[in-house]
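Fit chains B, C and D with the ligands to the given chain A structure using the hints.
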Amino acid sequence: MTNSTTNFKPVFASTFESMTDDEGYLINQEGLSCLEICDKAIVILRASKDLEQTKKTAKENWGVDLPEPLCISQGNDSIQCFWISPDEYWLVHSQFQRDVLWQKQATLPEDMSLVDNTGAYGALHFKGDNVHKLLSRWMGYDLSGKLNIGKVVSTTLGQAPVVVYRETESELMILVRHSFSHYVAGLLTDSVKRL
Amino acid sequence: MFLIHCPYCNEEREQEEFSPAGEAFIARPVEPEGISDEAWADYVFYRTNHKGYHWEQWVHSNGCRKYFMVERSTITHEILKVAAFGADISE
Amino acid sequence: MQKKYSWYSLLKAGLSGQDWDQAIPLVEPKSKYDVIIVGGGGHGLATAYYLAKECGITNIAVLEKGYIGGGNTARNTTIIRSNYLRDEASSLYEHAMKLWEGISEDLNFNVMFSQRGVYNLGHTLQDMRDIERRVNANVLNGIDAQVVTAKEIKEQIPIINTSQNARYPIMGSSYQPRGGVARHDGVAWGFARAAAMLGVDIIQDCEVVGIEVEEGRVKGVKTTRGDIMADRIGCVSAGHSSVLAKMAGLRLPIESHPLQAFVSEAMKPVLHTVVMSNAVHGYISQSDKGDLVIGAGIDGYSSYAQRGASRVIEHSAAAILEMFPIFSRVRMNRQWGGIVDVCPDACPIISPTKVQGLYFNCGWGTGGFKATPGSGHVFAHTIAQDKQHPLAVPFHLDRFTTGALIDEHGAAGVAH
Amino acid sequence: MRVEQLTSNQIDRSKPLTFIFNNKKYKGFEGDTLASALIANDALLFARSFKYGRKRGLIAAGVEEPNALVSLEMGGRYTPNLKATEIPLYDGLSAKSATNPNSFDLRAFIKPLHRFMPAGFYYKTFIKQAVWAKVEDSLRALSGFSEAPTEEDVDVYDHVHHHAEILIIGGGVAGMSAALEVLKSSDNERVILVDERSRLGGEIFNEFSSDEQSLKWFEEAVADLCGFAKEQRDRFMMLTRATAFAWHDQNYVEVLETHATGESLSSDGSQVRKTLHKIRAKEVILATGAHERPMLFEANDLTNIMLSQSVRRYLNEFGVVSGKKVVVYGNNDSIYQTAKDLHSSRIACTVIDVRSAEPLNTHAEKLKQSGVKVLQGYAIVKAYGSDKVEGIDIALATHQGTSWEIIGDSESLSCDLLVTSGGFNPVVHLDCHTGAKATFDETSQAFLPEKERANRQTCGAVSGVGAWQDTIIDGKNKAQLTLQSLGVVSETNGADLSENHANYFNVSEFFTPKSIINRPKVFLDLQNDVTTLDVALSIREGYRSIEHIKRYTAMGFGTDQGKTGNINGIAVAATILGKTMAEVGTTTFRPAYTGVDFGALAGRENGGLFDPQRFTTIHDSHVAKGAEFEIVGQWYRPWYYPKAGEDMHQAVHRECLAARTSLGMMDASTLGKIDVQGPDAREFLSRVYTNAWMKLAPGSCRYGLMCNEKGMIIDDGVSTCIRENHFIMTTTTGGAASVYSTLEMWLQTEWSHLDVHLNSVTDHYSTVAVVGPNARNLMKLLCQDVDFDRENFKFMQWREGAVCGVKARIMRISFSGELAYEINVEANYGRYIWDQVATVGEKYSITPYGTESMHVLRAEKGYIIVGQDTDGSMTPADVNMNWIVANNKPFSFIGQRSLSIAALSAENRFQLIGLLTKDAALVLPEGAHIVDRGGKSIGYVTSSYFSPILGRSIAMAQMQGGLSKIGETTIVKIVQEKQGLKEIPCEVSSSVFYDINGERVNGND
Ligand SMILES: Cc1cc2nc3c(=O)[nH]c(=O)nc-3n(C[C@H](O)[C@H](O)[C@H](O)COP(=O)(O)OP(=O)(O)OC[C@H]3O[C@@H](n4cnc5c(N)ncnc54)[C@H](O)[C@@H]3O)c2cc1C
Ligand SMILES: NC(=O)c1ccc[n+]([C@@H]2O[C@H](COP(=O)([O-])OP(=O)(O)OC[C@H]3O[C@@H](n4cnc5c(N)ncnc54)[C@H](O)[C@@H]3O)[C@@H](O)[C@H]2O)c1
Ligand SMILES: Cc1cc2nc3c(=O)[nH]c(=O)nc-3n(C[C@H](O)[C@H](O)[C@H](O)COP(=O)(O)O)c2cc1C
Ligand SMILES: [Zn+2]
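Residue numbers (numbering that gives the first Met the number 0), protein chains in the order written: chain A, 0 to 194; chain B, 0 to 90; chain C, 0 to 415; chain D, 0 to 1004.
Isolated chain A, as found in the complex:
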């Protein structure tokens, strides 16, 4: 990122930063933690109308099998692929290896496309027994009944659009659009007081 010809030192600042503690926790208490994860890169892959074409490209480029609706699949180098909509998949990778995703842009068929949306999202990692208890105050989706491990869902948290997925039985991730991060942090920290 840095430009060698100058002595600028870019400062990365997440929108949750002013609200989290030194270790990045928005919430850290008995039975519940919410940690901001800053190293995710999110690149949107838009599919060709020809599904086979898309499948083939995804496999060749990143080693991913396109996931079924509402599912996540794995590719090379721990690239994750989220189903977001029938023609939209998110390639999620580490910030620092974003280039792994981008390198292939030139090889895409013209009716497929990549869009970098990394800057748009903050990622919150929830862990603990009380996660559902907290989230069910603001989320109408049936987390306990329907959000199985490896499932990803676009829905709302309060009035904010979010993407939520389950990593393990007691761990959830939520992706929040940056401009909503104060709102989301506000409602989470408000509710957590009364769990």
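If you are wondering where the hints come from, they were derived from the structure by calculation, not from laboratory data. Hints may be right or wrong, so weigh each one.
[Stated by the list, open to error] Here are the simulated EDC-like cross-link-like pairs (lysine to aspartate or glutamate), alpha carbons at most 20 angstroms apart as the crow flies:
1) A:Lys145 - B:Glu32
2) D:Lys888 - B:Glu30
3) D:Lys324 - D:Asp248
4) C:Lys153 - D:Glu151
5) D:Lys888 - B:Glu32
6) A:Lys145 - D:Glu151
Same frame as chain A, now just chains B, C and D with the ligands:
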């Protein structure tokens, strides 16, 4: 506050996640410049506004963002069918 | 002959135990009328009344599928004002306002028209620009209107929250002192009784299920109580207008949507005026019975069920608390919905149709109660003369084809 | 008074509590309700009625209570209109009657006037508008119950979503039995059981003196349920003090739970007072029981005339009773139960059964044997007493078929408590919220829920099942059917109910003779003082439909929503109209079943959480700079940056001049940004914008205008061509969401053959605009790998480079007319870039400016703001932008066809022009109108500012036929602070005021 089955997510979700997008089957005239003002007004403004089961459009705005069609009763809110655009809805 | 309502008659009835006459007589439908009005809401009944009173036609039937005044007339938050933006609309609503001011006497029935004033709040700079524009337009048209500051609002309504901490702080408001509320049921009954006194047949539990058209002319209607002939038919059926249009082979530029409202449990008077906010979606007044009457936002999907999403109600309650935090421990007593007939330009249709002798008065959407007497008045003249009343001319169906729309979204807001 | 301890009592005598009611101190026990504690203290007066000023006391023990309305506490916990029966007692409680029965207010004077105030009184009086206007407020002052609160609530409310396979509403025998059955017969299904009372069991404690078997069943059942709740916590939730108040489509049920600390003083406000549970259930089992209805006779509203089951409840659950000499009167066996319980508590009672002695009634016989006086075939005609009931007149009733009539002289009986039961009203309310109709059932003499509905069962008293043993079976059977519907069990193994199960306490025909109905003061609705005569009058006056009767008399309008009175009212109407109950029907049941606090409806959605507050990533820097903010959509945008001592005008003056003379900067991140890609991207843009897009080269940007199909402007913005098939479109801040979804709609529903992908990237980028003659100089300092030479990096072009070390897309576009660059970086670097620009820019005295200065700068150039200079009724031609309409594109762009409608090009349409006041210092108010010679409005001011660079005011306006009037003088009228209209002469001008030839955009090299 009914539930809608999104044909793309293939799951029932709360109505809150969706936005209504009006009556279905209102096709834009192929050659707008070639039709009368009446025919154009009919397309832009006039609606059947049916009482009973009718087809309408919804978009899963806080989900997969896809538009699709729903056959819903405007009397009971009961939904009979949902269909993706281009799907066969005849049966 | 009907007994006139007055202190004298009340005293006499109280002392003698003597009875009142039927305000709404039970009549059987005749086989033919000069004019049939379909829909016994406030507008339909007012139409019949003015036809009988001013147009010399008394062989009239009002056909109502349920009980009169049971449609949106029974369900609205009863806000009355005439401070609309466009000349065409404000003239029509101001015409109604003037009639309201004498309506109880005219009908010999106290409809409890109460000019307690209406505030339309602004929460953003653009809201305030719109308010300035509308108030200036009103003043130029001779309609009472003022722009008031947040400070002045607070002086008039001490319980309102003008703090900067609100999510959408109140910046100011327009104010129409002559605006207010009326007792919705009383309006329907007052018009019904007065019309009946002039010989109009008011027939309830009589649903129109078909409209007979021959060679482009109406002949009559089919109803659940038999066929009834008439040369002229006025449809004033609000949410059901498209259904009636279809019976005559027509379509309308209308969609029917649920609009909800709710009332609190009755308290001692604490809110003495009407407060509306389009930006946060809450409309509130306190009735003479003491309940807070609150209007919610519109549901976006079409529906003929008189109910909507509970989310909309929650949002309105939240909006009311933004404006009036002291109501937090006040309880909602009852909640309901109506079916409003929404037009693309937020203005009504008062118009003849392609079918000779068939007229429509509809499209009042979320805000027609305030127009009731005016709407009935101009529609009566339109039917009687087969020519639009001058105030009704801009509201012709043709405007959707000619492009002469009267965009009132700004003033009509999202609701009321 | 308090009587001896019974096993079913729920009060804890070891925990005495003190409380205050109507300024007097009393004692009660833990477990009491305010109502039971007051009965224990013989404090029985609660209210003075609205219309007649009559004194009233308790009639019930539950939510159906109409009279005992009180307000609780003061200040931030003041709560109006609570029913004394729903307030659990706590130490220090302080309550006041909503309408003080002892104070001597106007209502007391109204009492003798009521005969002149029939139903519909108001409609018949004060007919002159002027008179009404005078009296309304004084009449208003009489109405209403408690005073309104005066302070903000100190407590908070939560919302919680739940999903369950089975929701059981009502935790009486029926609900408990059903819950146990579903829990025992399934493994994974999630079950929720809710009951509004403080403990489970419903009416079981009042079942024939809480016979031991029923209590035993109850205790075992509770233990089992608690076991499940503990061990299978993930799938079973049991809530008490939780009322299901609304039932929406597809089994979406709202339940309001009051927490233990709910009304008490001990909560510090951080605890939740109430939680609104939003339950989405696959199946619902409705087990809400039934409310008792009173008998009708004259003065049946006197204090201490109570419902039979409620008296039993007070006795059995709280050990209190409000009389020593009791008469029990009714038409069903509930009266014998109550008499038996009273008798065993050694309270003298006499039973009057309106049914004849034939056929033999075993309950009556048993009671007689134990020494209780039982009069069968008698009716109460009238009660009397001053503050409380003191006696009754009874008469012989002769029966004929289903009806009866009173004959002979009446005789008097004295009593100090009169208990009545006229049968039961199943609690069908919730079931009817989504439109189902209750139907009158002759056997149980009650309106029962619709027989079959999808994914719903009813059991127990709500479905007309009587004795508790039957109720248990019914609960199990319905649980089985529920499990079958869920596919958990394939067959059900239901047991049969006893033969008389539907025969509610052997109720007689629901009937009151006209000789009683026609008496005065036979009350139906106690809260609204509605009598049988009001119903009769309503019908005589032509208000015959039950809905009209309700509305004309206000029957059922109160806070009890007619739970005890409505069905009697229907029966009276049926009698008068000569119709059946079924023909008359019920009024519509609506939420809320019982009142729901506005606070609970709103939940936490207030203040900052009322609506999302959206901030750019640079927000904190703006705050640090002391910015004032403007709300645009959900966003907070810097409005202006006042320095110490500056007002807005001074700040804006300074900001504008900085941008015009040296350098300004602004945060443009809120603008909507949509990534448009695909082989048909150009075609797509050409269809949705009015202008041409086929030839725009990569590296270039273009301004576009968007219309709807009506031909009206809805949005505008600059789109950038990134690559041949790749564009980034910007939209207005407020329009971003709707433009995005509208574009998706066209693509998905109408033009699905176009190969285009849209993605919202609004949040991905932060945008910093660098504006002013020194912009190029600054950019050179910030970014070395881009050639900023004016010929190599032209206006309306973009370049990619590293700005302060961050990869950026730099667009040379301008909304001020000055030389300007917009730096777009990934959002996480937005704040860094902003701060860097500010620091490096110090050299040129760079000045941050907000939306207000932006508006001034763009207005000087005549650029429109969609939504301010347009209002949804403006075409491109109206805003003098026909230059951007490409009419001969192959595809008819959105709105093009409408633009050819004659009215849309009429000469007298509103058109965008400029206005120059003759007095250059005078700034027109936005919203002021332009008037013609006749004083009629012909336009209005959309934007108006003092232009610092021009040293004069400028305004943009919409004016009828304005474009043809440029150069003319016109008059603008404004409302001057309510003092009348002020007229201001202006010159109509072009809407471009500054830099008419557009030279500044290149800056000065
Ligand atoms: C919640 C809510 C709040 C509102 N608030 C306000 C407000 O504050 N201020 C305001 O000005 N307006 C308000 N309105 C709008 C207002 O209620 C309506 O515009 C107005 O009442 C319409 O009156 P109407 O007589 O045309 O319609 P209605 O009262 O609906 O009458 C139409 C009648 O036609 C009958 N009908 C329909 N079909 C047939 C048929 N086939 N045969 C026979 N009869 C038929 C119906 O049963 C009905 O009684 C509100 C509306 C709602 C729903
Ligand atoms: N009340 C009667 O009409 C009547 C008649 C015959 C028998 N009984 C006796 O009453 C019992 C009947 O059992 P049951 O379980 O059907 O009724 P029940 O009255 O014992 O229980 C119903 C329960 O549901 C609760 N409830 C009602 N509406 C509610 C709501 N909206 N939200 C939450 N809770 C709500 C009530 O408070 C009550 O606790 C048996 O003991 C029976 O012998 C009563
Ligand atoms: C202005 C107004 C005030 C009302 N006040 C009350 C009230 O105090 N109590 C009540 O129970 N209902 C009140 N209602 C609601 C009616 O009971 C009823 O719900 C409404 O007319 C819709 O009819 P429906 O519920 O029968 O469909 C009021 C309605 C309106 C329009
Ligand atoms: Zn979907």
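Going through the hints against the structure:
| no. | hint | in the structure |
| --- | --- | --- |
| 1 | A:Lys145 - B:Glu32 | violated, 50 angstroms |
| 2 | D:Lys888 - B:Glu30 | holds, 13 angstroms |
| 3 | D:Lys324 - D:Asp248 | violated, 50 angstroms |
| 4 | C:Lys153 - D:Glu151 | holds, 16 angstroms |
| 5 | D:Lys888 - B:Glu32 | holds, 12 angstroms |
| 6 | A:Lys145 - D:Glu151 | violated, 40 angstroms |
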